[in-house]
Amino acid sequence: AQKVTQAQTEISVVEKEDVTLDCVYETRDTTYYLFWYKQPPSGELVFLIRRNSFDEQNEISGRYSWNFQKSTSSFNFTITASQVVDSAVYFCALSEADWFSSGSRLTFGEGTQLTVNP
Amino acid sequence: DGGITQSPKYLFRKEGQNVTLSCEQNLNHDAMYWYRQDPGQGLRLIYYSQIVNDFQKGDIAEGYSVSREKKESFPLTVTSAQKNPTAFYLCASSMSRQIDYGYTFGSGTRLTVV
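In order, the protein sequences belong to chains A and B.
Mapped onto the numbering used here, the consecutive letters of the first sequence carry residue numbers -15 to 102.
Mapped onto the numbering used here, the consecutive letters of the second sequence carry residue numbers 2 to 115.
Since the hints were made in silico from the structure, they are not lab data.
This one's a predicted model, so the numbers in the text were calculated from it and none came from an experiment.
Even for Gly, the Cβ is constructed at its ideal location relative to N, Cα and C.
Wrong hints could be hidden among the right ones.
[As the list claims (entries may be wrong)] Distance windows between CB atoms, simulated: (1) A:Glu10 to B:Asp101: 32 to 42 Å; (2) B:Gly4 to A:Thr99: 27 to 37 Å; (3) A:Asp2 to B:Ala62: 17 to 27 Å; (4) B:Arg14 to A:Asp2: 37 to 47 Å; (5) A:Thr(-11) to B:Asp101: 17 to 27 Å; (6) A:Glu(-1) to B:Thr78: 23 to 33 Å; (7) A:Ser26 to B:Ile61: 31 to 41 Å; (8) B:Ser108 to A:Asn101: 37 to 47 Å; (9) B:Ser97 to A:Asn51: 47 to 57 Å.
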């Protein structure tokens, strides 16, 4: 069965520091997708990025960057020059085929609470 | 604007009562999902539905029930059999059964048993 582990429960940094959120996953499938979501205090999950299992290129989007390494089953997320508005819970998630229902399932990690202090 | 609407935002229930959480989407998405969120435990899948009139149990379905009579609606009933129902409930939808489609989430319902 698939599993996603975010070992960092809480991280606290000072504004402008760089911070990396770790994500390790387990799956038996060769085709799968990885996601990161942000959950601000309002509660709604906001999609950040999607990466498929065949694309190991790192991605950068503004202050955000993602490092996908299949060899270590990791999909880490780095925020450069953090800001107070980055404070939120961040979830890593794994999507793979659900053969029972002929569909897909998204499995989430436990989440990392990031607090950026001014 | 297209999106997912969950109502109510806050819900209080007395022990022993059933309560139904509403989830409506106007995104024309085929698949819909219910997750439960507890502090420090991430999101856990309760039920999901890939098409109308069909749904499957997730990882923590005991004490919950759902229906999918319309594509747009996927209500969740928390029954009195659910031993610890106080939690934050999130509904989500996805365009397709395919694994490459991410989910769109509602803003959640916070249920408290009093």
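Hint-by-hint comparison with the structure:
1. A:Glu10 to B:Asp101: 32 to 42 Å: For aspartate 101 (chain B) against glutamate 10 (chain A), whose Cβ atoms are near 19 Å apart, the range 32 to 42 Å is violated.
2. B:Gly4 to A:Thr99: 27 to 37 Å: At 28 Å between Cβs, range holds.
3. A:Asp2 to B:Ala62: 17 to 27 Å: violated (41 Å)
4. B:Arg14 to A:Asp2: 37 to 47 Å: Given range 37 to 47 Å: holds, Cβ gap about 44 Å.
5. A:Thr(-11) to B:Asp101: 17 to 27 Å: With Cβ atoms ~22 Å apart, the hint holds.
6. A:Glu(-1) to B:Thr78: 23 to 33 Å: Given range 23 to 33 Å: violated, Cβ gap about 44 Å.
7. A:Ser26 to B:Ile61: 31 to 41 Å: violated (24 Å)
8. B:Ser108 to A:Asn101: 37 to 47 Å: Check failed, 26 Å falls outside 37 to 47 Å.
9. B:Ser97 to A:Asn51: 47 to 57 Å: With Cβ atoms ~28 Å apart, the hint is violated.
Hints 1, 3, 6, 7, 8, 9 from the earlier list are contradicted by this structure; the remaining hints agree with it.
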